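Number of protein chains: 4
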Amino acid sequence: MIEFTHRLRVLYGHTDQMGIVYYGRYYEFFEAGRNELLRNLDLPYYRMEEQGLFLPVVESHATYKGSFTYDDWITIKTMVKELPSVKIRIDYELTNDAGELMVTGHTVHAFVDKQTRRPKRVPDSLLSVFRPFFKD
Amino acid sequence: MIEFTHRLRVLYGHTDQMGIVYYGRYYEFFEAGRNELLRNLDLPYYRMEEQGLFLPVVESHATYKGSFTYDDWITIKTMVKELPSVKIRIDYELTNDAGELMVTGHTVHAFVDKQTRRPKRVPDSLLSVFRPFFKD
Amino acid sequence: MIEFTHRLRVLYGHTDQMGIVYYGRYYEFFEAGRNELLRNLDLPYYRMEEQGLFLPVVESHATYKGSFTYDDWITIKTMVKELPSVKIRIDYELTNDAGELMVTGHTVHAFVDKQTRRPKRVPDSLLSVFRPFFKD
Amino acid sequence: MIEFTHRLRVLYGHTDQMGIVYYGRYYEFFEAGRNELLRNLDLPYYRMEEQGLFLPVVESHATYKGSFTYDDWITIKTMVKELPSVKIRIDYELTNDAGELMVTGHTVHAFVDKQTRRPKRVPDSLLSVFRPFFKD
Numbered sequence: 104m105i106e107f108t109h110r111l112r113v114l115y116g117h118t119d120q121m122g123i124v125y126y127g128r129y130y131e132f133f134e135a136g137r138n139e140l141l142r143n144l145d146l147p148y149y150r151m152e153e154q155g156l157f158l159p160v161v162e163s164h165a166t167y168k169g170s171f172t173y174d175d176w177i178t179i180k181t182m183v184k185e186l187p188s189v190k191i192r193i194d195y196e197l198t199n200d201a202g203e204l205m206v207t208g209h210t211v212h213a214f215v216d217k218q219t220r221r222p223k224r225v226p227d228s229l230l231s232v233f234r235p236f237f238k239d
Numbered sequence: 104m105i106e107f108t109h110r111l112r113v114l115y116g117h118t119d120q121m122g123i124v125y126y127g128r129y130y131e132f133f134e135a136g137r138n139e140l141l142r143n144l145d146l147p148y149y150r151m152e153e154q155g156l157f158l159p160v161v162e163s164h165a166t167y168k169g170s171f172t173y174d175d176w177i178t179i180k181t182m183v184k185e186l187p188s189v190k191i192r193i194d195y196e197l198t199n200d201a202g203e204l205m206v207t208g209h210t211v212h213a214f215v216d217k218q219t220r221r222p223k224r225v226p227d228s229l230l231s232v233f234r235p236f237f238k239d
Numbered sequence: 104m105i106e107f108t109h110r111l112r113v114l115y116g117h118t119d120q121m122g123i124v125y126y127g128r129y130y131e132f133f134e135a136g137r138n139e140l141l142r143n144l145d146l147p148y149y150r151m152e153e154q155g156l157f158l159p160v161v162e163s164h165a166t167y168k169g170s171f172t173y174d175d176w177i178t179i180k181t182m183v184k185e186l187p188s189v190k191i192r193i194d195y196e197l198t199n200d201a202g203e204l205m206v207t208g209h210t211v212h213a214f215v216d217k218q219t220r221r222p223k224r225v226p227d228s229l230l231s232v233f234r235p236f237f238k239d
Numbered sequence: 104m105i106e107f108t109h110r111l112r113v114l115y116g117h118t119d120q121m122g123i124v125y126y127g128r129y130y131e132f133f134e135a136g137r138n139e140l141l142r143n144l145d146l147p148y149y150r151m152e153e154q155g156l157f158l159p160v161v162e163s164h165a166t167y168k169g170s171f172t173y174d175d176w177i178t179i180k181t182m183v184k185e186l187p188s189v190k191i192r193i194d195y196e197l198t199n200d201a202g203e204l205m206v207t208g209h210t211v212h213a214f215v216d217k218q219t220r221r222p223k224r225v226p227d228s229l230l231s232v233f234r235p236f237f238k239d
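Protein chains in written order, with the working numbering: chain G, 104 to 239; chain E, 104 to 239; chain X, 104 to 239; chain Z, 104 to 239.
If we strip away everything but chain G, and leave its shape as in the complex, we get (with noise of 0.2 Å):
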C-alpha cells in the first residue's frame, strides 16, 4: 500500500447554509490529497499530461459519517492499495483534529491519451514506482 497524509482548512466558501462543507466540493479535498500523493512519489500529475497522459476520473465516491465546518482543518489520508492495471483506485480518510473519521471514499481513473483521448496502458514509469510498494 502507498500513503500519504496532507492537510487543508476549510474555507467560509466551502460551506453551505447547513453551516457545514457542501457534499460536492469534498472531491476537491480529494484532489488535493492525490495529488499530494503523487508529488510525494515524485510523479506530479502535472509531469504525466506533459507526457501525453489523461488519468480522467470514471468513478467517485464518498461516505459522510459526520461534517467539518468553517476552519476545521481536515487532515486527508490519501492510499493506493492495489498496483494499478488498466484503471487505478485511490482511497481517501478525511479526519478531524480529534481523530475523528469523518468522510472516506474512493476515485478510480483511467489511463487515456491526451491527443486521441482513448485508453491507454499504465505506463512503466509509474508502475516501476508503485511496485515495490505492492511486493507480496
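Possibly wrong hints are sitting among the right ones.
Any copy will do: because identical chains look the same in the list, a pair fits if it lies in one copy or spans two.
[As the list claims (entries may be wrong)] Below 25 Å or equal to it, Euclidean Cα-Cα: the simulated DSS-like pairs (lysine-lysine) are:
1) 238 to 168
2) 180 to 223
3) 184 to 168
4) 217 to 238
5) 217 to 180
6) 223 to 168
7) 168 to 217
8) 238 to 184
Don't read these hints as lab results, they were simulated from the structure. From a predicted model like this one, the values you see are computed outputs, not experimental measurements.
For chain G, the structure is supplied; the task is to place chains E, X and Z on it using the hints.
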C-alpha cells in the same frame, strides 16, 4: 418510481483544463435535479428546512461513462426508486443532446432535526406524497 | 447598447453558512449572463474559441447591495454599453423577483490569440454584429 | 498597515478549459488570505460570528495581469491599509514563485448583526487590535 427531468447548460467555470466538466461539479447538477423533483411534487426543499428538517447527504456516488463540455445541455433525469424509510436514496442519469447516457450517480440523504442535528423519522407530509407512486 | 436578460435559480451549493450566496459565486452567474448575450447575437463564445480566440477576463467587479438566498430566481441583465476596441467591457445587474436590484458588476475581457496567448484586435466578425447597436 | 502572507497551491478543479485558474476562483484565495490575516491577529473570523457579528462582502474587485496554472503556488499578500470605520477594506496581491505580481484585488466588508442583519459599528475588540498598526 418517481422521476423528473430537468435541463442545465454547462458553464465555462464548470470545466477544467482537460476541457471537460470537473468530476466534482456533477454533484451540483445532481442537486439541481433533486431540487426540481421535490419542487415538482410540491415539496420544495426550502419548505422542509422551514419545518425544522435537514436532509444532509450521507453518501454520494457518480460513474462517468463520458464527459460534458462547455456549453453542452445536460438532461438530468432524477429518480426515487424506493419509498424512503430512515433515509432517502435518489438516482441520477445525465444524458447529452444525442441521447447518450454520460454520467450516472446517486445520493443518500438522512432526515435530521434542524436544531438538534439528530436523526428524525421520515415526515408524514413527505410519505403521503411519495406513497401513491409506490403502490404495487 | 446591447442587452440580454437571463434567469437562473440559486442552488444550495451556492450558499454559505451566512445563509446567502457566497460572494465569489456571482461571477459564475455573470458568466452565464454573458454566454447567453453572445449566443443571442449568434456569436456563441465556443465559436470564438473554435476560430482561435480567447477572451480572458482582465478585470472583474461586483457590488452587493443585497443578497440572494437558496432557491431564489436571479434575473441577470447583461449589457454591453460601448463598442469594444482593444477590450470588451460587460455590465451586469442582478434583480430578485420583487424587482429589487441586489448585485451589480462588470467584467473586462481582452482578445487573445489561442495559440500564442498574445493580444489580438477585436475580430471583424464580432464588430460587424456589434456596430449596428451603437449607431448614434 | 497590517499585512500577512499566506500560500496556497492551485488545484485542477480551479482551472478551466483555457488552462488557467477560472476568474471567479480567485475570490476564494482572497478569502483564504483574509482568514489567515485575521487569525494571525488573534481575531479569527469564526470568533466574530460567535460574538454575533457577520462581515458580509459589499464590494469585490480583481485585476488579472497574468494567470496561475495547475499546481502553481500562489503567494497571497493580504493588507489592511486603513483603520476600519463603518466598513473594512482588505487588499490582496497574488504573486507567483518568480515573484511576478499576477492578480490584485480588494474586498470591502460591512459589520452586520448576526440576528437582525442590520449594520453595526466596528467592534471595539477589533479596533483595539487594529489601532496600534495605524499610529502615525
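Against the structure, the hints:
no. : hint       : verdict
1   : 238 to 168 : neither (33 Å within a copy, 32 Å between copies)
2   : 180 to 223 : neither (28 Å within a copy, 32 Å between copies)
3   : 184 to 168 : both (22 Å within a copy, 24 Å between copies)
4   : 217 to 238 : neither (31 Å within a copy, 47 Å between copies)
5   : 217 to 180 : neither (29 Å within a copy, 31 Å between copies)
6   : 223 to 168 : between (36 Å within a copy, 16 Å between copies)
7   : 168 to 217 : between (37 Å within a copy, 17 Å between copies)
8   : 238 to 184 : within (12 Å within a copy, 44 Å between copies)
The structure does not agree with the numbered hints 1, 2, 4, 5 stated previously, though it agrees with the rest.
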